[in-house]
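Participant: Spelled out from the first residue to the last, the chains are:
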Amino acid sequence: MTDDRIDVLWRVESPRVIARLMRLVGDLDTAEELAQDVFVSAIEKWRSEGVPDNPAAWLNTTAKFLAIDRLRRRDVQRGKYRLVAASEPETYEVSEDQTLADDLLGLIFMACHPILSPDARSALTLKLVCGLSTEDVARAFLTPVPTIAQRIVRAKKTLAAAKVRFELPDDRKPRTDAVREVIYLVFNEGYAATSGDRWIRGDLCAEALRLGRMLAALTPNDTETLGLLALIEIQASRLRARETPDGEPIMLDDQDRTRWDRLLIRRGLATLDRIEQLGGTTGPYALQAAIASCHARAARYEDTDWERMTALYDGLARISPSPVVELNRAVATARAFGPAAGLEVLEPLFALPSLAQYHLLNAVAGDLHCRHGDHATAREHFLTAAARTQNAADRSTMQRRASECAAGHS
Amino acid sequence: MRYMLMHYETQADEDGVKPTPETIAKVGEYVQELSMSGVLLAGEGVASSKQGARLEVENGDVRVIDGPFAEAKELIGGFAILEVDSLAEAIEHARRYALLIGVERVDVRKVNEFDDLQ
Chain A
1 MTDDRIDVLW RVESPRVIAR LMRLVGDLDT AEELAQDVFV SAIEKWRSEG
51 VPDNPAAWLN TTAKFLAIDR LRRRDVQRGK YRLVAASEPE TYEVSEDQTL
101 ADDLLGLIFM ACHPILSPDA RSALTLKLVC GLSTEDVARA FLTPVPTIAQ
151 RIVRAKKTLA AAKVRFELPD DRKPRTDAVR EVIYLVFNEG YAATSGDRWI
201 RGDLCAEALR LGRMLAALTP NDTETLGLLA LIEIQASRLR ARETPDGEPI
251 MLDDQDRTRW DRLLIRRGLA TLDRIEQLGG TTGPYALQAA IASCHARAAR
301 YEDTDWERMT ALYDGLARIS PSPVVELNRA VATARAFGPA AGLEVLEPLF
351 ALPSLAQYHL LNAVAGDLHC RHGDHATARE HFLTAAARTQ NAADRSTMQR
401 RASECAAGHS
Chain B
1 MRYMLMHYET QADEDGVKPT PETIAKVGEY VQELSMSGVL LAGEGVASSK
51 QGARLEVENG DVRVIDGPFA EAKELIGGFA ILEVDSLAEA IEHARRYALL
101 IGVERVDVRK VNEFDDLQ
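Going line by line, the protein sequences match chains A and B. Under my numbering, the first residue of the first sequence is numbered 1, with each subsequent residue one higher. Under my numbering, the first residue of the second sequence is numbered 1, with each subsequent residue one higher.
Bound-form chain A, shown alone (with noise of 0.2 Å):
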């Protein structure tokens, strides 16, 4: 009984307590070692005596006391542990609202320090910012148990040499946009999932969105931190209308809307709002968000305003290019302007090295020309995505598509 309620005590608590650590000892390694303490030790005393009614409290008083014994074993002669002690522990508040926070954001920094390779940064953002345990991480990942702990071992060997210590830098813009690039590649990696058999993997999603709204809350004032939150959170909105029981993609045109959450596109709509009072609405992610209220604005299909969208991509193309945004401003301009203004869009992407084994660039050329009446061609770029998907479920939409395109050529 009490173990459970230390699985759940650590996924609420050891964020907070890891971070704290981590400001008195500055280590990583040394940090979480010590919560691990903290938490075995919780274990022990809970175990006989029953959990205190504020768990929290007792939690971050032992974390304190253990830091403080480390640092007086450790280094007496360099005096540090005096600075430390000078707080008495006993007296030890939880809730220091903005060191707190502090502490919450060097830990989420740390974690996405740009020395790390991103597949480390994601592994280790979610084992320490989310509280995750190795398992968890790597279920979420589809990636053996193993290979995670391994990751995760090296990611904290690599900031140890590199002598990466708790830090809050006075320019934390470039951090901040590493923590972004991690939240987003953790969404997207659930929201189309590149391996597995289904082609949503909504433990990701929500992982992703818990720190969105982390990241959101320690700085409220970045407008592209709340781009980025409205986007995924409009974008989670339509995770259960975006497949059937059995995992198959269901396309935005032929989703339920009655099944989009309703209570995230209020809130993605209201950061939107939020985003337009600080005046940050030309940033990427803000951008993306806006387009993504394009579709969450429409009660049905026929009635997104396609041509503030393909303006919005415009936009997003001038600012922040990519051969994807193109591929996006070429199904907006299609829908905007007729299939043959988006086929002048797409046609260029055909000679991007980056783009030749893309199946999403076969899927929209199939889509554009079997709307544009050829048939023949929209029937070969679907057998083409099919056979360069990696997701069986996209390859199954693919095939189909490719064989009503048959049908309608016959």
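To be clear, the hints were calculated from the coordinates, so they are not data collected in a lab. Check the hints yourself; a few may be wrong.
Stated by the list, open to error - Computed beta-carbon distance windows for the label pairs:
id: 1; chain 1: A; residue 1: Thr-282; chain 2: B; residue 2: Asp-115; range: 53 to 61 Å
id: 2; chain 1: A; residue 1: Glu-276; chain 2: B; residue 2: Thr-23; range: 28 to 36 Å
id: 3; chain 1: A; residue 1: Pro-144; chain 2: B; residue 2: Arg-109; range: 34 to 42 Å
id: 4; chain 1: B; residue 1: Ile-76; chain 2: A; residue 2: Arg-395; range: 45 to 53 Å
id: 5; chain 1: B; residue 1: Ala-47; chain 2: A; residue 2: Arg-395; range: 51 to 59 Å
id: 6; chain 1: B; residue 1: Val-108; chain 2: A; residue 2: Arg-259; range: 22 to 30 Å
Just so you know, even glycine gets a beta-carbon here, dropped at the ideal spot from N, CA and C.
Fit chain B to the known structure of chain A by using the hints.
Facilitator: Okay, now just chain B, sitting in the frame of chain A:
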């Protein structure tokens, strides 16, 4: 999964006694805490029942009763909706709230989602 936390009013709330700046600060602190945990989806407080109404339906007859209602401590004073992994996790967040604000009762209820109703 989503849980709704509901706390209950005191007679003072119902009598229209304005919360003290300390209470307001504590509520703010709690909202900040919940936001930093990444679990808060929505939350509102509700005004005293004087500003509300109750509908009672019997055999198809609707009776509208204007507030205030009796029994302040059975009235909801506010709610929060959390996105968490389990009931146990929702309870741990509710515990923080109860201890921080000093309310006497908090109910934790699972919010039915579309798939629960299929």
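Participant: Decide, hint by hint, whether the structure agrees.
Facilitator: Against the structure, the hints:
1. Thr-282/A x Asp-115/B: 53 to 61 Å: Taking Cβ atoms as reference, Thr-282/A and Asp-115/B lie about 38 Å apart, which means the hint is violated.
2. Glu-276/A x Thr-23/B: 28 to 36 Å: holds, 32 Å
3. Pro-144/A x Arg-109/B: 34 to 42 Å: holds, 38 Å
4. Ile-76/B x Arg-395/A: 45 to 53 Å: holds, 50 Å
5. Ala-47/B x Arg-395/A: 51 to 59 Å: Once the Cβ atoms are compared, 55 Å apart, the range 51 to 59 Å for Arg-395/A and Ala-47/B holds.
6. Val-108/B x Arg-259/A: 22 to 30 Å: holds, 26 Å
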